Amino acid sequence: KQEVTQIPAALSVPEGENLVLNCSFTDSAIYNLQWFRQDPGKGLTSLLLIQSSQREQTSGRLNASLDKSSGRSTLYIAASQPGDSATYLCAVRLGSSASKIIFGSGTRLSIRP
Amino acid sequence: NAGVTQTPKFQVLKTGQSMTLQCAQDMNHNSMYWYRQDPGMGLRLIYYSASEGTTDKGEVPNGYNVSRLNKREFSLRLESAAPSQTSVYFCASSELAGWGNSPLHFGNGTRLTVT
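Chains as they are written, first to last, in our numbering: chain A, 4 to 116; chain B, 3 to 117.
Hints were generated in silico from the structure; no laboratory data involved. In this text the structure is predicted, and so the values were computed from the model without any measurement. It is possible that part of the hints are untrue.
Only pairs whose alpha carbons sit at most 35 angstroms apart, straight line, appear in this in silico DSBU-like list of lysine-lysine [claimed, not checked]:
1. A:K103 <-> A:K4
2. A:K103 <-> B:K59
3. A:K103 <-> B:K16
4. B:K59 <-> A:K4
5. B:K73 <-> B:K11
6. B:K16 <-> A:K71
7. A:K103 <-> A:K71
8. B:K16 <-> A:K45
9. B:K59 <-> B:K73
10. A:K45 <-> B:K59
11. A:K103 <-> B:K11
12. B:K73 <-> A:K4
13. B:K16 <-> B:K59
14. B:K11 <-> B:K59
15. A:K103 <-> A:K45
16. A:K45 <-> A:K71
17. B:K11 <-> A:K4
18. B:K73 <-> B:K16
19. A:K103 <-> B:K73
20. A:K71 <-> B:K59
21. A:K45 <-> B:K11
22. A:K4 <-> A:K45
23. A:K4 <-> A:K71
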């Protein structure tokens, strides 16, 4: 059974630091992987989607990488800002079926001014 | 551009009461989903609709029913609410389900408490 793990559950860093969030999955046969941001009391906002054939995706200060063989994805945030404070979740899609999306529990990120 | 709209935002029910959560999307997406989010458990799929006219069970469908009213709207019904259904419910949509490489778009959630 596919499991998606995000460690640590919470992270606090000072403003301006570069940081890496981790996502691990147990079955390397994934279709794609998506990173989301969730602000308190809000829904999830898609940040980056990496297809299984890709190694990384970039959007502004965000870079997501995918290593299927090791079952890992990382979300790199450059020059962190207080506005980056949120919970970051990853989700893996196991196949083309709409039902096969497994979410991690998220990392709650706090950027200290 | 409203995206995915959920109503109501908050609801308190007593055990045994029924209610319907509404969801509408204005992005002409084919697929729609209902998830619940509980502390420390990630999001779990309740039901989904890959396309208009179809619905299928997800991971935790017991105690729920759904209706894909048209391409825009997908409702979730609790027939007899139980305290275990206290959760935050999210509706989501995506352009394509069958091909799979389209991002999910989420509403802002409905916070449901069952006493």
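Here is what the structure says about each hint:
For the hint linking K103 of chain A to K4 of chain A, the alpha-carbon distance of about 11 angstroms falls within 35 angstroms, and the restraint holds. Among the hinted pairs, K103 of chain A with K59 of chain B is consistent with the structure: their alpha-carbon atoms are about 11 angstroms apart, no more than 35 angstroms. Our distance criterion of 35 angstroms between C-alpha atoms is met by K103 of chain A and K16 of chain B, whose separation comes to about 33 angstroms. Between K59 of chain B and K4 of chain A, the direct Cα distance comes to roughly 18 angstroms. Compliance with the 35 angstroms bound is thereby established for this hinted pair.
With a C-alpha separation of about 22 angstroms, the suggested pairing of K73 of chain B with K11 of chain B holds against the 35 angstroms cut-off. For the proposed pair K16 of chain B and K71 of chain A, the alpha carbon gap of about 46 angstroms is over 35 angstroms, so the pair is violated. Proximity of K103 of chain A to K71 of chain A is assessed by CA-CA distance (about 17 angstroms); at most 35 angstroms being required, the pair is judged to hold. Note on K16 of chain B and K45 of chain A: the hinted pairing holds, with a Cα-Cα distance of about 25 angstroms set against a maximum of 35 angstroms.
Our distance criterion of 35 angstroms between C-alpha atoms is met by K59 of chain B and K73 of chain B, whose separation comes to about 18 angstroms. Distance check on the hinted pair: K45 of chain A and K59 of chain B sit about 25 angstroms apart at the alpha-carbon level, within 35 angstroms; holds. For the given pair, K103 of chain A sits about 27 angstroms from K11 of chain B by alpha-carbon distance, which is consistent with the 35 angstroms threshold. Among the hinted pairs, K73 of chain B with K4 of chain A is consistent with the structure: their alpha-carbon atoms are about 32 angstroms apart, no more than 35 angstroms.
At roughly 25 angstroms between alpha-carbon atoms, K16 of chain B and K59 of chain B fall within 35 angstroms of each other, so this suggested pair holds. Simply put, K11 of chain B and K59 of chain B have alpha-carbon atoms about 24 angstroms apart, close enough for the 35 angstroms limit, and the pair holds. About 23 angstroms separates the Cα atoms of K103 of chain A and K45 of chain A, which keeps this hinted pair within 35 angstroms; it holds. For a cut-off of 35 angstroms, the pair hint linking K45 of chain A to K71 of chain A stands: about 30 angstroms separates their Cα positions.
At roughly 34 angstroms between alpha-carbon atoms, K11 of chain B and K4 of chain A fall within 35 angstroms of each other, so this suggested pair holds. Straight-line distance between C-alpha atoms of K73 of chain B and K16 of chain B comes to about 32 angstroms, which keeps the hinted pair within the 35 angstroms bound. A hinted pair counts as satisfied when its Cα atoms are at most 35 angstroms apart, and K103 of chain A with K73 of chain B qualifies at roughly 21 angstroms. For the given pair, K71 of chain A sits about 28 angstroms from K59 of chain B by alpha-carbon distance, which is consistent with the 35 angstroms threshold.
Distance check on the hinted pair: K45 of chain A and K11 of chain B sit about 10 angstroms apart at the alpha-carbon level, within 35 angstroms; holds. For the hint pairing K4 of chain A with K45 of chain A, the CA-to-CA distance comes to about 29 angstroms; that is within 35 angstroms, so the pair holds. With a CA separation close to 16 angstroms, the supplied pair K4 of chain A and K71 of chain A stays within the 35 angstroms bound.
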